[in-house]
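Each chain, letter by letter, is given below.
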Amino acid sequence: MTETRRAGWLFVTPIGLLYLLILLAPLSYFLLLSIFKYSAFEMYLFEPTAENYQRLLFDPYYRGVIYRTLRIAATTTVFTLLVAYPLAYFLARYGGPGRGVLMFLVIAPLMSGVIVRTYGWIVLLGAEGTINTALIWLGAIQRPIQILRTEFAVIMAMVHILLPYMVFPLFSAIVAQERNLEQAARTLGASNLRIFLEVTLPLSRPGIVMGSVLVFTLTAGAIVTPQLLGGKEMKVLGILIYDLVLTTLNWPLASAVASLLVLLQFSVIVLYFRGARGRAAA
Amino acid sequence: MLELHAVVKRYGATLGAGPIDLTVEPGEFLTLLGPSGCGKTTTLHLIAGLHAPDEGRILMDGTDLTQVPPQRRNMGVVFQNYALFPHRTVTENVAFGLRMRGVTPTEIASKVGRMLDLVGLPGTEGRLPRQLSGGQQQRVALARALVIEPRVLLLDEPLSNLDAVLRKRMRADLRAIQRRLGITAIAVTHDQDEAFEMSDRVALMDQGRIEQLSTPEGLYDRPATRFAAEFIGEAVFVPGRIGSLVGGRARVATESGLGFDGIPCPDGLGVGAAVYVLIRPERIDLILDDAAPAGAIEAEIVDRVFSGEQVSLSLRVAGGLVLKAKKPSLGRFRDLAPGRKLRLLAQDPRLVPRTDGAT
Chain E
1 MTETRRAGWL FVTPIGLLYL LILLAPLSYF LLLSIFKYSA FEMYLFEPTA ENYQRLLFDP
61 YYRGVIYRTL RIAATTTVFT LLVAYPLAYF LARYGGPGRG VLMFLVIAPL MSGVIVRTYG
121 WIVLLGAEGT INTALIWLGA IQRPIQILRT EFAVIMAMVH ILLPYMVFPL FSAIVAQERN
181 LEQAARTLGA SNLRIFLEVT LPLSRPGIVM GSVLVFTLTA GAIVTPQLLG GKEMKVLGIL
241 IYDLVLTTLN WPLASAVASL LVLLQFSVIV LYFRGARGRA AA
Chain D
283 MLELHAVVKR YGATLGAGPI DLTVEPGEFL TLLGPSGCGK TTTLHLIAGL HAPDEGRILM
343 DGTDLTQVPP QRRNMGVVFQ NYALFPHRTV TENVAFGLRM RGVTPTEIAS KVGRMLDLVG
403 LPGTEGRLPR QLSGGQQQRV ALARALVIEP RVLLLDEPLS NLDAVLRKRM RADLRAIQRR
463 LGITAIAVTH DQDEAFEMSD RVALMDQGRI EQLSTPEGLY DRPATRFAAE FIGEAVFVPG
523 RIGSLVGGRA RVATESGLGF DGIPCPDGLG VGAAVYVLIR PERIDLILDD AAPAGAIEAE
583 IVDRVFSGEQ VSLSLRVAGG LVLKAKKPSL GRFRDLAPGR KLRLLAQDPR LVPRTDGAT
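Sequences listed follow chains E and D, in order.
Here the first sequence stands for residues 1 to 282, numbered as in our numbering.
Here the second sequence stands for residues 283 to 641, numbered as in our numbering.
Hints are supplied without guarantee of correctness; some may be wrong.
[What the hints assert, rightly or not] If you want the footprint, here are the derived chain D segments under chain E, 3+ residues with CB under 8 Å:
(1) 353-363
(2) 376-385
[Claimed, not checked] Pair ranges (Cβ atoms, derived):
(3) E:Leu27 <-> D:Ser442: 47 to 57 Å
(4) E:Arg5 <-> D:Arg616: 48 to 58 Å
(5) D:Glu479 <-> E:Leu271: 50 to 60 Å
[Stated by the list, open to error] To give a feel for the contact side, a few chain D residues facing chain E, derived at Cβ under 10 Å:
(6) His327
(7) Leu332
(8) Leu366
(9) Pro368
(10) His369
(11) Ala423
(12) Arg426
(13) Ala427
(14) Leu436
If you're looking for bench data, these hints aren't it; they were derived computationally from the structure.
All C-beta atoms, glycine included, are put in the ideal place defined by N, C-alpha and C.
Modelling step: build the complete structure from the supplied sequences, incorporating the hints.
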């Protein structure tokens, strides 16, 4: 082992130990717990069983929760990408004054908590909220329409809350592109659309991958926003774990849900990065 | 034939280039030479259509190109950093322009193959730009620009990112390929050697304008201004005035008290005009024996620098003026030392108008 490599290991040791302690240890703990039998009196029995996972995967209620979580995460990811791309492109290419202010405006929401921003959406979307009041005043509707407690509300708020996580990886990927690649494509006869599709977009792939993974995993694990905007009926995996741990006190089942969530998120990450690498080498 | 008529490009209040008038003949290799910021790259971009001129017109074979966007100008551009598409293979890079033109896949394959042979890159088809050396990337960029059979090949500092050895070889290769295809080429460079070795004609640029447009020989032998004389090769400028003029040949008295006779006088200069006598170090004869031909000047060696193939000598003459001489480092020139007195004869001096203050 050379000097520099040894130094390299030294640098990653503290963060490695921290990860081992606060991530791997609990992760192993609930992975283990998820195959133990639930007991109403002792929380769990040291009896290996598959029943937690069976319940999760075959009970229509739990399956519904899994589907809903994936659906919300996937939809949120797609819409965040659609909203973030033009914004990131503009920020990356706009050299004029005020770019710093625009960047700040994109980051600013991160400085207020998720709960604050979610309450903001309640104010907007509620039965007596800004949108309904405005629509009634305009005569478009007679009585308030149901926006809160719909998946639509959850997705819209998640898109808003997670936008910076998509904008910044995209911004980095676009700003890193040599500007004269586009000029070169132009002199070779490419129209604006072709330049975007053949040069700019493919070269944004690392940013798309990174942003999508962040938004997907964060949405799939979200609790606060689905809880507040989706209402009691709209359970997602995060809320399910929360309920099972604190209300039902079924830790083995909670562990199974948590394991499944981690597995799902991890699969998405692996698939995405695989895909990205596969395309780059092709 | 490519024509630029009074083309001007401004960036806000600052002048990018112009006004520029330029005609490039079919099959010609023309180089825009000049220091950084002289407007040469801007001029190239104007021709490519990457910038729109604020004034003037650009014509190709009589058709006005000024309003034609770059994607329809059919100019092949090789960028300074090559601008290869990093996510595409060599083949895909070269094929790009043909695909944009809707050429059939079989035709693309054969054209790309032939072009890679021409630039000397067979066997790299499936590689990505980052897997190639700088010289190979340069050749891919050249192939990509040439395969579309452009009306003009535009080269922006094409060799500046290569090491010295490769640069020398690539100059010759570029020239050979350009000749074989008979294509009109315009290159931009700040390197005089590069410009001279590749070009039929060189346009020397300064402050957005073409200072002098000539063959390499013409630029070297008959620089029109002090800037041109300084940029091309080495020179000593001795200020003086034209004393008399006979048959296009001037007699000049310099301020330091030297006299030069029979110097060809450029048009527009008359008796009394302030001039520089331009003396090139490689055109100074040193007289080491007692001979005293007409025009010989007494001198003393004050400095000597040995650089392998040649010796550079600083020679002080009457009036404290110091001239430079360069001699091959052999025989009697090799061991000349400071302090040595001798006579020198400035061969082929030239006159350059002196516009800085004196009239």
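Tested hints:
1. 353-363: holds (count 9)
2. 376-385: With 4 residues closer than 8 Å to chain E, the stretch 376-385 of chain D meets the three-residue bar; holds.
3. E:Leu27 <-> D:Ser442: 47 to 57 Å: 54 Å, holds
4. E:Arg5 <-> D:Arg616: 48 to 58 Å: 54 Å, holds
5. D:Glu479 <-> E:Leu271: 50 to 60 Å: The hinted range 50 to 60 Å holds for Glu479 of chain D and Leu271 of chain E, with Cβ atoms some 55 Å apart.
6. His327: His327 of chain D check passes; min Cβ-Cβ to chain E is 8 Å, inside 10 Å.
7. Leu332: 5 Å, holds
8. Leu366: Holds. Min distance 8 Å.
9. Pro368: 7 Å, holds
10. His369: This hint holds: His369 of chain D lies near chain E, its Cβ roughly 5 Å from the closest one there, short of 10 Å.
11. Ala423: Hint on Ala423 of chain D: holds, closest Cβ of chain E at ~8 Å, below 10 Å.
12. Arg426: Interface hint status for Arg426 of chain D: holds (7 Å vs cutoff 10 Å).
13. Ala427: 8 Å, holds
14. Leu436: 8 Å, holds
Hint check: no violations occur; every hint is consistent with the structure.
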